[in-house]
Amino acid sequence: DGGITQSPKYLFRKEGQNVTLSCEQNLNHDAMYWYRQDPGQGLRLIYYSQIVNDFQKGDIAEGYSVSREKKESFPLTVTSAQKNPTAFYLCASTAETGKVAVTQYFGPGTRLTVL
Amino acid sequence: KQEVTQIPAALSVPEGENLVLNCSFTDSAIYNLQWFRQDPGKGLTSLLLIQSSQREQTSGRLNASLDKSSGRSTLYIAASQPGDSATYLCAAVTGNQFYFGTGTSLTVIP
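Here the protein sequences line up with chains A and B, keeping their order. First residue of the first sequence: 615, per my numbering; consecutive thereafter. First residue of the second sequence: 40, per my numbering; consecutive thereafter.
Worth flagging that the hints you see were computed from the coordinates, not collected in a lab. Glycine included, C-beta positions come from ideal geometry on N, C-alpha and C. A few of these clues could be false.
[To be verified] Chain B is faced by these chain A residues, among others (derived, beta-carbon under 7 Å): (1) Gln-655; (2) Gly-656; (3) Leu-657; (4) Leu-704; (5) Thr-717; (6) Gln-718; (7) Phe-720; (8) Gly-721; (9) Pro-722; (10) Gly-723.
Bound conformation, chain A alone (with noise of 0.2 Å):
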């Protein structure tokens, strides 16, 4: 059953608490993103990686860090130096990058809150 697991749901983190979220694709998809949904707002880009060991900056990468070790996982972690970090978190992949027939997958999202 091919898909993305993102754990965990919800999470809750205390001011200057670093916190990681699980991302795992088992499509064998290349590049995978995340993103970060707050309520009347679109998805806005965290950190994308398109192949093992090589990750970029999206439009909000500040305060946020990634590591690819793998070409199945891509965890996020949110530091302390995220002044705002209650959101909800979507993990996503794509099979490969620059084709004109190319789906996003996503995960079903990790709650954030910040107590």
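Start from chain A and add chain B according to the hints.
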């Protein structure tokens, strides 16, 4: 930078009605235009993908059109059902990046 706008932000219709959702984008140099559905608290599910060389795509009761020159796409839903209630997002795709609109929240009233 690509800007994507969706109007209206929310729409409520009685069951059985046909409806149109709108999406506009500022940069016509796109690979494709995609429509997604998002249920509350869930991830996105791809509905339709229109390549830049195409004018429309159909899947069941859904029909999406693309006019690159005017920077517009529409999603037509025929004979709406309560199960169609969700948020619909469009995305303009350029290279390896997807630019999403803010979505239209659709409620179909039984």
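Tested hints:
With a cut of 7 Å, the hint placing A:Gln-655 at the interface with chain B holds, because the nearest CB-to-CB distance is about 6 Å. Because the beta carbon of A:Gly-656 sits about 4 Å from the nearest beta carbon in chain B, less than 7 Å, this interface hint is met. At about 4 Å, the closest approach between the beta carbon of A:Leu-657 and any beta carbon in chain B falls short of 7 Å, and the interface hint on this residue holds. Because the smallest distance between the Cβ of A:Leu-704 and any Cβ of chain B comes to about 6 Å, under 7 Å, the interface hint for this residue holds.
Interface restraint check: A:Thr-717 against chain B, minimum CB-CB distance 5 Å, threshold 7 Å, status holds. Interface restraint check: A:Gln-718 against chain B, minimum CB-CB distance 6 Å, threshold 7 Å, status holds. About 4 Å separates the beta-carbon of A:Phe-720 from the nearest beta-carbon of chain B, less than 7 Å, and the hint is met. Taking 7 Å as the C-beta cut-off, the interface hint given for A:Gly-721 holds, the closest approach to chain B being about 5 Å.
For the restraint placing A:Pro-722 at the interface with chain B, the shortest Cβ-Cβ distance is roughly 5 Å, inside the 7 Å limit, so the hint holds. At a threshold of 7 Å, the smallest CB-CB gap from A:Gly-723 to chain B is about 5 Å, leaving the interface hint in force.
The structure shown violates none of the earlier numbered hints.
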